[in-house]
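Peer 1: Spelled out, the chains give:
Protein chains: 2
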Amino acid sequence: MSSPAVIDLLGVLAYGELVAFERTAADASLAPTLADKAALAEMAAAEFAHYEQLSAHLTSLGSDPIVAMQPFVSALDQFHNTLTPRDWLEGLLKAYVGDGIANDFYREISSHMDSATATLVSEVLSDVGHADFAIERIRDAITQDPKVSGRLALWGRRLMGEMISQATLVAASRPALQELFLRPPEGEVNMTATELTAMVNRLTVGHAKRMDVLGLAS
Amino acid sequence: MSSPAVIDLLGVLAYGELVAFERTAADASLAPTLADKAALAEMAAAEFAHYEQLSAHLTSLGSDPIVAMQPFVSALDQFHNTLTPRDWLEGLLKAYVGDGIANDFYREISSHMDSATATLVSEVLSDVGHADFAIERIRDAITQDPKVSGRLALWGRRLMGEMISQATLVAASRPALQELFLRPPEGEVNMTATELTAMVNRLTVGHAKRMDVLGLAS
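Residue numbers (the working numbering), protein chains in the order written: chain U, 978 to 1195; chain X, 978 to 1195.
FYI, nobody ran anything at the bench for these hints, they're computed from the structure. Don't be surprised by glycine CBs; every beta carbon is placed ideally from N, CA and C. Watch out, some of these pointers could steer you wrong.
To be verified - Okay, the calculated beta carbon distance ranges per label pair:
#1 X:G1039 - U:R1116: 27 to 35 Å
#2 U:P1009 - X:T1036: 19 to 27 Å
#3 X:Q1047 - U:G1192: 32 to 40 Å
#4 X:S1126 - U:L1011: 37 to 45 Å
#5 U:S1103 - X:A1026: 35 to 43 Å
#6 U:E1085 - X:D1109: 36 to 44 Å
#7 U:D1064 - X:S1195: 37 to 45 Å
#8 X:A1026 - U:Q1121: 30 to 38 Å
One chain only, chain U, in its complex shape (with noise of 0.2 Å):
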């Protein structure tokens, strides 16, 4: 049997690759070449790949995957729809971006976890090549029409603040992934406010690294 914790953050990062997976595809749809076009498609391709290694994982611990994603449904995809890419460099940005966010929001978390689920979440969340594919497209972009920074350096800020107020927004909803969040690390007496302060800084400054390599202010 496993932990509620386990089960929900299976959940949500299978629910997770699902909607990677159609964003991707979206994106694919609106790329300016033929190469691109099928180099997003094989990106979105391995993302559904990761969804089936989550679902087949919440199978095999007898949990119906379907159960498992449905918490986490709404509040994924409003955090879609209110930040729907306007064009094909927003769409690389909020894939690399936002990603990179998630994916040190979840290693965060699972590294509370037994080593059997770390192990899993670790290779679902390695990147597909979808960051690199970003950050030459976008700097190419931006060498060619360095007014677009400005642009993508708000989109950047956005992405970052509603992922952060979502993720809060999550944690709260689901008492199990919260009393994770709240575990002490191994040896400690207990997380405090100031652990959680700690946390998000550092998913602050891990989007601050990627903005940078991008040289957009973050």
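For chain U, the structure is supplied; the task is to place chain X on it using the hints.
Peer 2: Frame of chain U; chain X shown alone:
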């Protein structure tokens, strides 16, 4: 060295699968339930796997898949942009009826080719479960609200008309494919206009059968 007609056929099929992947993923985002979404995403991933098979085969023949697909991009994109489903049911009908016509058409063409090509084509045209899924969902919807059948019948007729006209345009723009069309079957002297008309008639009959399965007038 493969014939230009083989490269053309594999190119149009590869682009067709890439677009099918994108459209199915877009339909997944319209799915009314999480189970339907997951089922459609799985079909999209299977369509991408077909694309990969075709792409790998083109590469093995010494042909760049991107170059092979390029001539068919604008015709297929135009077809899909003209006929964007307005909702979930129209998306399902388009997949069922559109893939049905396309598959009958490609099978007719591939029957004129070497057996290795014909085998690969038959393999990538194998249904990924899309047809049964669509039939079941559309029948349920008609049972629940018989009024939708008029709208869907009209949509099916538009799809058929547009596909025949696009297929004619594509064939007309590619001398290699055109020649193949006009190449007489083994033992006959030439393929006449009557033969072409007969093929369109066979496609129409196949279409009518599929609409009939749904209880829709064609």
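Peer 1: Now look at each hint and say whether the structure bears it out.
Peer 2: The hints, checked one at a time:
no.	hint	verdict
1	X:G1039 - U:R1116: 27 to 35 Å	holds, 33 Å
2	U:P1009 - X:T1036: 19 to 27 Å	holds, 23 Å
3	X:Q1047 - U:G1192: 32 to 40 Å	holds, 33 Å
4	X:S1126 - U:L1011: 37 to 45 Å	holds, 38 Å
5	U:S1103 - X:A1026: 35 to 43 Å	violated, 20 Å
6	U:E1085 - X:D1109: 36 to 44 Å	holds, 43 Å
7	U:D1064 - X:S1195: 37 to 45 Å	holds, 40 Å
8	X:A1026 - U:Q1121: 30 to 38 Å	holds, 35 Å
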